[in-house]
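A.B. asks: If you want the building blocks of each chain, they are given just below.
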Amino acid sequence: MSSLTEPSRSSRSFRAALRAEWTKFRTVRGWMIGLVFAALMVVLFTFLQANGKHTGYCTTPNPSSCVNGHQYVPSGPDGEAVADTYELVAKQLTGDGTITARITSLVGRIWAGPANEAPSLADTESGLTSWAKAGLLITPSTRQGSSYAAVMTTGGHGVRFQYDYTNDQAGLPGSISGTAPRWLRLTRTGNVITGYDSSDGTHWHTVGCAQLAHLPTTVYIGLFATSPTTSQGSATTATASFDDIAIGPQADRAAQATSGPWHSMSIGTGPRDFYTTLRNSGYRQTSDSILVTGSGDIAPAVAEVGGDTASDSLLFGLVIALIVLIVIGTMFITSEYRRGLIRTTFAATPDRGRVLAAKAVVIGGVAFAVGAVASAVAIPLGEHVMSGNGNYIFPADSLTVARVIVGSGALVALTAVAVLGLGTILRRSAGAILAGVVVFVLPTFTGPGIIGPTSAGSAATWLYRVTPAAGFSMLGLLPRSGLVSYQYTMGNGYYPLPPWAGLLVLATYTTVALSAARVVLRRRDA
Amino acid sequence: MTDALRAEWTKLRTVTGTWWLVVGVLALSVAASAGIAASTHVSPPGGPGGASQDPTKLSLIGVDLGQAVVAVLAVLAITEEYGTGVIRVTLTATPRRAVMLSAKAVNIAGLALITAVPAVVGCLIAGRLLLPQAGLDPAHGYALISIAHGPTLRAAVGSVLYLGLIALLGLGIGAVLRDAAVSTGIVLGLLYLPPLFAQLVSGPWRRHIQQLAPMTAGLAIQATRNIRTLPISPWAGLAVLAAWAAGMLLIGLAVLKARDA
Chain D
38 MSSLTEPSRS
48 SRSFRAALRA
58 EWTKFRTVRG
68 WMIGLVFAAL
78 MVVLFTFLQA
88 NGKHTGYCTT
98 PNPSSCVNGH
108 QYVPSGPDGE
118 AVADTYELVA
128 KQLTGDGTIT
138 ARITSLVGRI
148 WAGPANEAPS
158 LADTESGLTS
168 WAKAGLLITP
178 STRQGSSYAA
188 VMTTGGHGVR
198 FQYDYTNDQA
208 GLPGSISGTA
218 PRWLRLTRTG
228 NVITGYDSSD
238 GTHWHTVGCA
248 QLAHLPTTVY
258 IGLFATSPTT
268 SQGSATTATA
278 SFDDIAIGPQ
288 ADRAAQATSG
298 PWHSMSIGTG
308 PRDFYTTLRN
318 SGYRQTSDSI
328 LVTGSGDIAP
338 AVAEVGGDTA
348 SDSLLFGLVI
358 ALIVLIVIGT
368 MFITSEYRRG
378 LIRTTFAATP
388 DRGRVLAAKA
398 VVIGGVAFAV
408 GAVASAVAIP
418 LGEHVMSGNG
428 NYIFPADSLT
438 VARVIVGSGA
448 LVALTAVAVL
458 GLGTILRRSA
468 GAILAGVVVF
478 VLPTFTGPGI
488 IGPTSAGSAA
498 TWLYRVTPAA
508 GFSMLGLLPR
518 SGLVSYQYTM
528 GNGYYPLPPW
538 AGLLVLATYT
548 TVALSAARVV
558 LRRRDA
Chain A
37 MTDALRAEWT
47 KLRTVTGTWW
57 LVVGVLALSV
67 AASAGIAAST
77 HVSPPGGPGG
87 ASQDPTKLSL
97 IGVDLGQAVV
107 AVLAVLAITE
117 EYGTGVIRVT
127 LTATPRRAVM
137 LSAKAVNIAG
147 LALITAVPAV
157 VGCLIAGRLL
167 LPQAGLDPAH
177 GYALISIAHG
187 PTLRAAVGSV
197 LYLGLIALLG
207 LGIGAVLRDA
217 AVSTGIVLGL
227 LYLPPLFAQL
237 VSGPWRRHIQ
247 QLAPMTAGLA
257 IQATRNIRTL
267 PISPWAGLAV
277 LAAWAAGMLL
287 IGLAVLKARD
297 A
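Just so you know, the protein sequences line up as chains D and A, in that order. First residue of the first sequence: 38, per the numbering used here; consecutive thereafter. First residue of the second sequence: 37, per the numbering used here; consecutive thereafter.
No lab work stands behind these hints: they were computed from the structure. Some hints here could point you the wrong way.
To be verified - A few chain D residues facing chain A, derived, Cβ under 10 Å: (1) Leu-77; (2) Val-80; (3) Phe-84; (4) Leu-252; (5) Thr-255; (6) Ser-350; (7) Leu-352; (8) Thr-367; (9) Thr-371; (10) Arg-465; (11) Ser-466.
Said to hold, decoys possible - Between beta-carbon pairs, the in silico distance windows are: (12) D:Ala-53 - A:Val-125: 46 to 56 Å; (13) D:Gly-270 - A:Arg-243: 40 to 50 Å; (14) D:Arg-56 - A:Ala-134: 30 to 40 Å.
Said to hold, decoys possible - Footprint (simulated), chain D over chain A, 3 or more residues, beta carbon under 8 Å: (15) 100 to 106; (16) 125 to 139.
Remember, it's a predicted structure, so these values are computed and weren't measured experimentally. Glycine included, every Cβ here is placed at the ideal spot set by N, Cα and C.
Next up, chain A with everything else stripped away, as it sits in the complex (with noise of 0.2 Å):
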């Protein structure tokens, strides 16, 4: 095992493309805070209704967008051998088909655990400079952001752990597709369009696509006001999205005993 995590790390680590796609990652998390962070006007200051906007999940919206990216970078950890033909001296080398998509799985995400800590504070502070000038500051009714408030560093642990699970998934439905890009396609699909298509259903339905789909349940752990009228609890959310990552890989493993490389 040891072998083979040493294996697949070197193999993630000397492709330049693995290096671009950790810093499109950062770029793009905390380009999108920042820019959404630095658009938001809240009128009247406070909103209405009080104190109803939810600073630390609009600060963290940056990991919507830095996912895909991540999802990528998983799909392509396998995808890219299937397309040169690297796969075949892969399986020769780790026989054993659990043992090298567990390497895999294990590296990829700690890479993606690694990419997403200095990710998630950069949204984080993005979020704590800039939303003050929206009105979203305490004189109106909101405190700035910080990790010393309980469901804030929820917030944030969870969305750093979010990142991780969908490397996992990426990876799994790469193992499945085996080609990057009907892979990508499909777990970007996977992960954008229920969230778009639950805005445009109404009733249970909408309810029931958001606790069901893996970005809107997973990203339930950013939520750190009106916990109550989510659709699904924060940790819940993010054992949904486990589950899927978790059956993804499942498939891809039997996908990967069943069929030739």
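With the rest of the complex left out, here is chain D (with noise of 0.2 Å):
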């Protein structure tokens, strides 16, 4: 029998400590006052740091071509911020069909003059990017942001096979040379669309098939190219040759396909598109090829538009709440040392490590009540300031926000908790909040803060990897993408860790600590 009144007997205590310790909490009133400062600056100085955010953009070096806002950025298909600037070169089909190309070469031109000027052709240098595209592509409208499907050759990735901006498929590697061309063909088959390569124009491999939403009976089917800016920001052109070129219905189907001329159309090449592009674009036809430039991108935005995301104002005012958090915690510790009270818990609750998860579990969920509900105010808050002021900020899905609401809380918990941890170890107010300042929160500050992003980025980087920064990853937003070259570092604003590794790091310090107290607890008077 005993062995089942046990654990309900212990629960029983615990909830009776935890009685005890909320108690205790609950009624210092310089405590309570601390919480709701702590949430109050998070709200507050993300209303300052969002209010103090504009954009605005000049379409030319003229300043009066100057407006207040942010330039334009495509949605996609599943309303994820795109870039999609490309030259087209189609016709329009209606109901099922086919189109067949031969590649013969993909060339490319990158801007070399300096960054603060506007890119020309006139000073570039040859060069080909290594996700510079050019192929074939069914869309159902050239409105910005469309969905699509495409096959293409790329400047160092071989043959692909893309769809709605997000999905990649691999087909034959290796570059494109008049020695070594490559065929591609798109078909159409109701919502289907299928891709195929082939090095000799008779044996065909699928690459890849798309079911695109929505598809209706006429859509445009042609060729395409453009080329993407360089991972240092220089805007590229790129330049393929096509020839062999057959479209129209499948032989087996009944539809009916235009035979009538090209129409070339430059998508989102004007200055209110977000994309740097170099104004190159158009189309030439010969006897038997066609040769079409394009400059941009058909894949997702990232931080390369210069928006801020629904975290961007949040960092300093946790920080705060940070420091107040961790004058608390180890108050709610050391002050029943000072005051002698620590005797009469452990004369009420013997077992102390009882008495620490006690502790734990009330300060570590009033830090995280206070850190979730402040950034689930302040997150609207500053997006609503920050889009009122022109800024681009990038879409994100409610299970995305939940994530950084939840990691704000979980990111002042830990770090309550942990410092209880030192308090315990340390017995001594100033000693523990020092620690507590120096290793959960100076980190933060030794990135760009203070040092300055180029003279120690590399040591940025390592400090938001291995130290108590890296739960601040949970605030990242910005979106990645394999299938775009860029800078993923913290100058351009992205963590190094993803968003739970980094919180699970911060996790591993508030273990460490809180063991540790726990040990040092059992094994000393009190």
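Both chains are sitting in their own frames, so use the hints and assemble them into the complex.
C.D. replies: Laid out in structure tokens, this is it:
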């Protein structure tokens, strides 16, 4: 029997300890004021920081062309930010059909002028970026951000089949030359688009297929070329040479294809589009081939947009909240030592591990509530203020925003619990707060804040990998994509660790501090 | 006054915490400088736009961290007395508040200055040994760090004075607030939050914050290059910090006189 009643008695006693600790916590007026202050600071500084962010852009070097607001960033089929800027030479196709072409060359040019000047073709050198793309494309609309499927050759990633910006399948590897051309084929059957490649024009391999939702009967089908900026941000162009072009209905299906002339369209190359391009797009038709030159990208948009994220204004307020919670978390145990209350506490709950656990649950719970509630209020507020100032905010789904809110709470909670551990070990307020601020707050600053982004970029990156500052990775909302060559560095706003991995680093520190505190608490007299 | 000074010194040196914190100042400063210097890589060597880095400032980065311990040392010098009740004995022995606070200020500032000398020298040696490996060497237009270089000497002496002033600031805040935990939180927040906030705002606000905040203004003394682009000139910056310290001590004195211990 006793083995059955034992756990329930133990859990009842833990609940009693928990209630005792909660009563001790909530009855200290200064601490409750501190919690409210911390939450208000998060919201206030999020507002101040968001309010200070303004965006404007100029369409020409002439200052009179400058306007407030951000440049146009298209939204893809799933609402994500995309780049959709390319040169299309197409016909309209009604019903099912197919297009086949051979690509005999893919060459490019890269802007080599000063970074602060508008790129022009005059100052370029020859070169091809690895994600320069040219091939065959089907799209229901030439509106930016519309659905599409394409089979393409690339500068450095072989043949690819891509659709709707984020989906990518690899085909034949290798680059294009006159002696190693590539044949590409794209077919439409109902809603299904299939891409094929071939190195000789007779043996075909399927690269991939896509089911595009809501595909109308009549679509654009044709040749495209585009070339993204280099990872250093220089605009580029790519020119592809197509021949052996065959376009029309599939032999075994009844469908109509126009045999009319090619329409050349520059998608998204206007001055309002965010993507940096070299204005060299166009096409040239010779007796047996078509040359298409494009600049831009058809891919997810990353931080190149220069936009903000919903969590961008949150950091400073959270740091203030961290310092306040470090002070309160320390005092939660050190004040008991100072006043001798700890002896009463241990007389009431002799299991010291249980006392520490109860204290950890109480301080962790309130800290989580403060961080989460404050950021749940601050995030929409910051987003609203930043959009009002004309800034572009990367779209984030509610699950991702929930991750940031939970992350803010967890960040504050784990820090407060860790400092409770430090306070238990050191028993002295000043020492524990000093250790708490040095270990849990200062690494956050040693990044771009104090040293400057250039002089110690690698140091800052390491601090955000191995110190508690890694927990701030939970705030990261900037999109990344393997389909875009970009410097995903701290200087460009990317945390070096994925969100949950960063939180795990912080949790490790907390676990170590709390375990050490537990051992010390059991060994020492009160 | 001599008796008060001796009494304060006896209290300061016989508390074990003091010596731990002194060791902490030295260890944290030199370790931080060495760590940052070792992990710095300037690419391409020499950096963008020629010799734009400041090796002296970079190697004195440890002062940024060591000041936290100095501030806590100073906060504890007075808040511990309130925590344990010794303050009533102290004030019985030295009833004149101004004399007692001055004696504390002289002691704590002296200890901070004496600790700061080896800390700053250690930081500079770490920088001199490690920064050339990061590409900041004479081949790329960076002279080795040397005290013989006027601005470097000013940066080194200034950093020592800076730590002394930080101690006075900490003592002043401790005298005002009397609670160790709250004072430590406030002094660390006052030092570290404005520089972070300055990075997050744009326009003239950033400059004003950097001119007025104790840490950013005071640390202007460490710059040896591009002095003109600093938000505040080196000695003026140190004067801003001195004003903060003096102001806090005066408020502390007023509070001491006005309130019961």
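A.B. asks: If a hint holds in the structure, say so; if it does not, say that too.
C.D. replies: Status of the hints after comparison with the structure:
Interface hint status for Leu-77 (chain D): violated, as the beta-carbon distance to the closest one in chain A is roughly 15 Å, over 10 Å. This hint is violated: Val-80 (chain D) has a C-beta 15 Å from the nearest C-beta of chain A, more than the 10 Å allowed. Interface hint at Phe-84 (chain D): violated, since its Cβ lies 12 Å from the closest Cβ of chain A, which is beyond the 10 Å cut-off. The interface hint given for Leu-252 (chain D) is broken, as the beta carbon of that residue sits about 46 Å from the closest beta carbon of chain A, more than 10 Å.
At a threshold of 10 Å, the smallest CB-CB gap from Thr-255 (chain D) to chain A is about 49 Å, leaving the interface hint violated. At its closest, the beta carbon of Ser-350 (chain D) sits 8 Å from a beta carbon of chain A; the interface hint therefore holds under the 10 Å criterion. Annotation: Leu-352 (chain D) was flagged as interfacial toward chain A, and the flag holds, the nearest CB pair being 7 Å apart, inside 10 Å. At its closest, the beta carbon of Thr-367 (chain D) sits 6 Å from a beta carbon of chain A; the interface hint therefore holds under the 10 Å criterion.
Given hint, Thr-371 (chain D) at the interface with chain A, holds; its Cβ is 7 Å from that chain's nearest Cβ, closer than 10 Å. The beta carbon of Arg-465 (chain D) is positioned within 10 Å of a beta carbon in chain A (closest approach about 7 Å), and the interface hint is therefore held. Residue-level restraint check for Ser-466 (chain D) holds (minimum Cβ-Cβ distance to chain A is 4 Å; threshold 10 Å). Distance hint check for Ala-53 (chain D) and Val-125 (chain A): the Cβ-Cβ separation is about 41 Å, which falls outside the suggested range of 46 to 56 Å.
For the pair Gly-270 (chain D) and Arg-243 (chain A), the beta carbons lie near 28 Å from each other, so the given range of 40 to 50 Å is not met. The hinted window of 30 to 40 Å between Arg-56 (chain D) and Ala-134 (chain A) is violated, with their beta carbons roughly 49 Å apart. Counting residues of the stretch 100 to 106 of chain A whose CB falls under 8 Å from any CB of chain D gives 4; the rule of at least 3 is met. For the stretch 125 to 139 of chain A, the assignment as covered by chain D is violated, since 0 residues bring a beta-carbon within under 8 Å of that chain's beta-carbons and 3 are needed.
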